[in-house]
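S.K.: Sequence lines, in order, name chains A and B. Heads up: the first sequence begins at 1 in my numbering, then just goes up one per residue. Heads up: the second sequence begins at 1 in my numbering, then just goes up one per residue.
By construction, these hints were calculated from the structure, which means they are not laboratory data. Be careful, since some hints might not be right.
[As the list claims (entries may be wrong)] Here are the simulated EDC-like pairs of lysine to aspartate or glutamate, each with C-alpha atoms no more than 16 angstroms apart in a straight line: (1) K289/A to E232/A; (2) K339/A to E34/A; (3) K79/B to E378/A; (4) K117/B to D418/A; (5) K119/B to D418/A; (6) K117/B to D347/A; (7) K117/B to D24/A; (8) K119/B to D415/A.
[As the list claims (entries may be wrong)] Derived coverage of chain A by chain B (criterion: at least 3 residues anywhere in the stretch with Cβ under 8 angstroms from a Cβ of chain B; other residues may be distant): (9) 174-188; (10) 358-366; (11) 388-401.
Virtual Cβ for every residue (Gly too), placed ideally from N, Cα, C.
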Amino acid sequence: MDALTIRNASAMPAPTWGWLRMNDTKIEIPVDLERIRAVTVEADEDLTETHASFEGAVADLQKRVDAARGDAEDTRACVRAAQRETESLDDLDTPALSAYQLRATRDEIANDVAAAFETGVHVDARSYLNFLAGSTVVLATESGDDEAAVVRVAGEAGGAAGASVDVVAAADSSIDLTISLDGNAAGSDAAGLIGSELRVFAGARARVSVTVYITADAGFTVIDDAGYVLDEGARVDVRHIVLGGGRTYTGLASDLRGDTARMEIGTRYLASGTEQRDFNYVIRHRGRKTISNMDANGVLTGTSKKVLRGTIDLIHGCKGSEGSERETVLLANQGVDNKTVPVILCDEDDVAGNHGATIGHVRPEQLFYLGCRGLSQEAAEALFVAAKLEDAALSAPDEQIRANVVRLGSALIDDFADFEEEIA
Amino acid sequence: MSTDALLSVADLTASVDEKTILHGVNLSVAAGETHVLMGPNGAGKSTMGHVIMGDPVYTVNEGSITFDGADITELSCDKRSRAGLFLSFQAPVEIPGVPLSSFLRASIAGRPGLEMKGKEFRRRVKELAAQLDMDTAYLNRELGVGFSGGEKKKVEMLQLLLLQPKLAILDETDSGLDVDALSVVSRGMDAYRASCDGSLIIITHNTRILEHLSVDRVHVMVGGRIVREDDASLIPWIDEHGFESFEREAAGSVADDER
Chain A
1 MDALTIRNAS AMPAPTWGWL RMNDTKIEIP VDLERIRAVT VEADEDLTET HASFEGAVAD
61 LQKRVDAARG DAEDTRACVR AAQRETESLD DLDTPALSAY QLRATRDEIA NDVAAAFETG
121 VHVDARSYLN FLAGSTVVLA TESGDDEAAV VRVAGEAGGA AGASVDVVAA ADSSIDLTIS
181 LDGNAAGSDA AGLIGSELRV FAGARARVSV TVYITADAGF TVIDDAGYVL DEGARVDVRH
241 IVLGGGRTYT GLASDLRGDT ARMEIGTRYL ASGTEQRDFN YVIRHRGRKT ISNMDANGVL
301 TGTSKKVLRG TIDLIHGCKG SEGSERETVL LANQGVDNKT VPVILCDEDD VAGNHGATIG
361 HVRPEQLFYL GCRGLSQEAA EALFVAAKLE DAALSAPDEQ IRANVVRLGS ALIDDFADFE
421 EEIA
Chain B
1 MSTDALLSVA DLTASVDEKT ILHGVNLSVA AGETHVLMGP NGAGKSTMGH VIMGDPVYTV
61 NEGSITFDGA DITELSCDKR SRAGLFLSFQ APVEIPGVPL SSFLRASIAG RPGLEMKGKE
121 FRRRVKELAA QLDMDTAYLN RELGVGFSGG EKKKVEMLQL LLLQPKLAIL DETDSGLDVD
181 ALSVVSRGMD AYRASCDGSL IIITHNTRIL EHLSVDRVHV MVGGRIVRED DASLIPWIDE
241 HGFESFEREA AGSVADDER
């Protein structure tokens, strides 16, 4: 396989200063990777034998969206500006729009669910992962179902493997999906790549829970790309547990289309050595009284790097909506590079957008305390890493994922496997 | 200074931000002995404990610290801990994100004779927690976060019993504790002495904690200087008279020195 670079990946919807180097990222696909089949899906036939499709569910939603569209003309200045063909000096009441405003307003006018669909890492990564996967697994619930499924991608050094999964949760159903992105280099220095492409349609009042564990060794590049569409009253809970991988790219975009839809995202990450973490979250509030919460908590050690972009977009019409994003990151070494970009875009009144970040180096008095118990700077860093891994192991969805966490922990920390014996 | 001292502090002068806190302090503690360092607030008692433990905030300007036959004056605090020194904090810090059990496991890692594998470690820590009337649920909580003052002190005692240092400095471990918590701390000190015959330096300005202890030597510190040393009979005297006379004497001698 030839060298491949995915540019403008995980781009923020509304970019900030270019010199900050955080508007988007570039994904270098390691050269000479062999495309391998390394995906297993554990799900009842009820889920996989279906005629439902993501596109079909979106088309059904579109019909209802179109039916609810009012006849009243939208006379807002931004709409006039987006619809006019040429600018005129005689019309000083119509503002000039930035490229971003023009695109956003046109999307708003079109109100096209399929056209507005997006994923966090964006379309090029989506295409690449779909190519690796070969085909898409569709997991569809019937109304009233309560289902669970596990998708495992087991990467190997020298190989590239990807899963492509569509989840279609019918109205009043629930589904619990676990995705394990594990790359075991088995002592090899060769690079590897694993990833998953996920599209989720959460029907009216559906409950969808998605947990992604990334436990790849340092030689792996990992791409976790997802896009969500939420119908009225749907609730989606996402947990991203990013523990390993030399370079990881986690992207999630969500369209809270239906009224009272709710999205909860909990991210736990760890980066050690020279690892790099890249996160891009885009939550579009379109329905009324929609709610989103993003809560990230991480530890950076060594000379690792992390960028987290979190955008809450409160779009015209989402009255009564609330979006919130928080991050707590512990910088256990002076050599780490940590960037966080919380963005709240707002074109509606009667909404609330909140963001907060707590970024802290380990304080000297904490280091002294740890020193008084025999922990050097290096041992203190290892303790922070171990604590994150132990927490992830304790809350792992199944034994196999827990074993992956312990394998990763044992590679990073001496005697980490003792922890497993302790809690067994 | 006794020749078989476990800890010898000789002519120690230490400062912080160019302000001298300790002035030529001498202290000698033999193996198995219990010493008490008393004095009014601001006398430099806690500084003494921190300097012995190697807190990088303080600069040692003169003098030396010898422990177990080795000069540790330049040693980092983690190495002093591994050499067998222990400091119990007056106000133990909180470390969010790190469960107490993970911290305890890290603190015994690599210590000869103390390393324990998984289940053995868990069993040992639970035994110690029971000994200190401590809810084992705390083991899974983040270190110090949301702990009451009493629970924090119990965690300090638990570490003392787990690590079994050769010499422990207890910095006002009794401060802010109710009667029940005080009794638990006293039990912890007794258990430590019984389990490994370790040495103790108890920093306090309250004599209650000393009632059940067999004290070998009492040192009174005022203004960064040891102004009086005696046997345990000094404790009831201080309980009755306080530190006022020592402070007067110290002020007089400092004035004489400056003249």
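S.K.: For each hint, tell me whether it holds in the structure or not.
M.R.: Quick rundown of the hints versus the structure:
no.	hint	result
1	K289/A to E232/A	10 angstroms, holds
2	K339/A to E34/A	33 angstroms, violated
3	K79/B to E378/A	13 angstroms, holds
4	K117/B to D418/A	6 angstroms, holds
5	K119/B to D418/A	8 angstroms, holds
6	K117/B to D347/A	58 angstroms, violated
7	K117/B to D24/A	46 angstroms, violated
8	K119/B to D415/A	13 angstroms, holds
9	174-188	violated (count 0)
10	358-366	holds (count 4)
11	388-401	holds (count 3)
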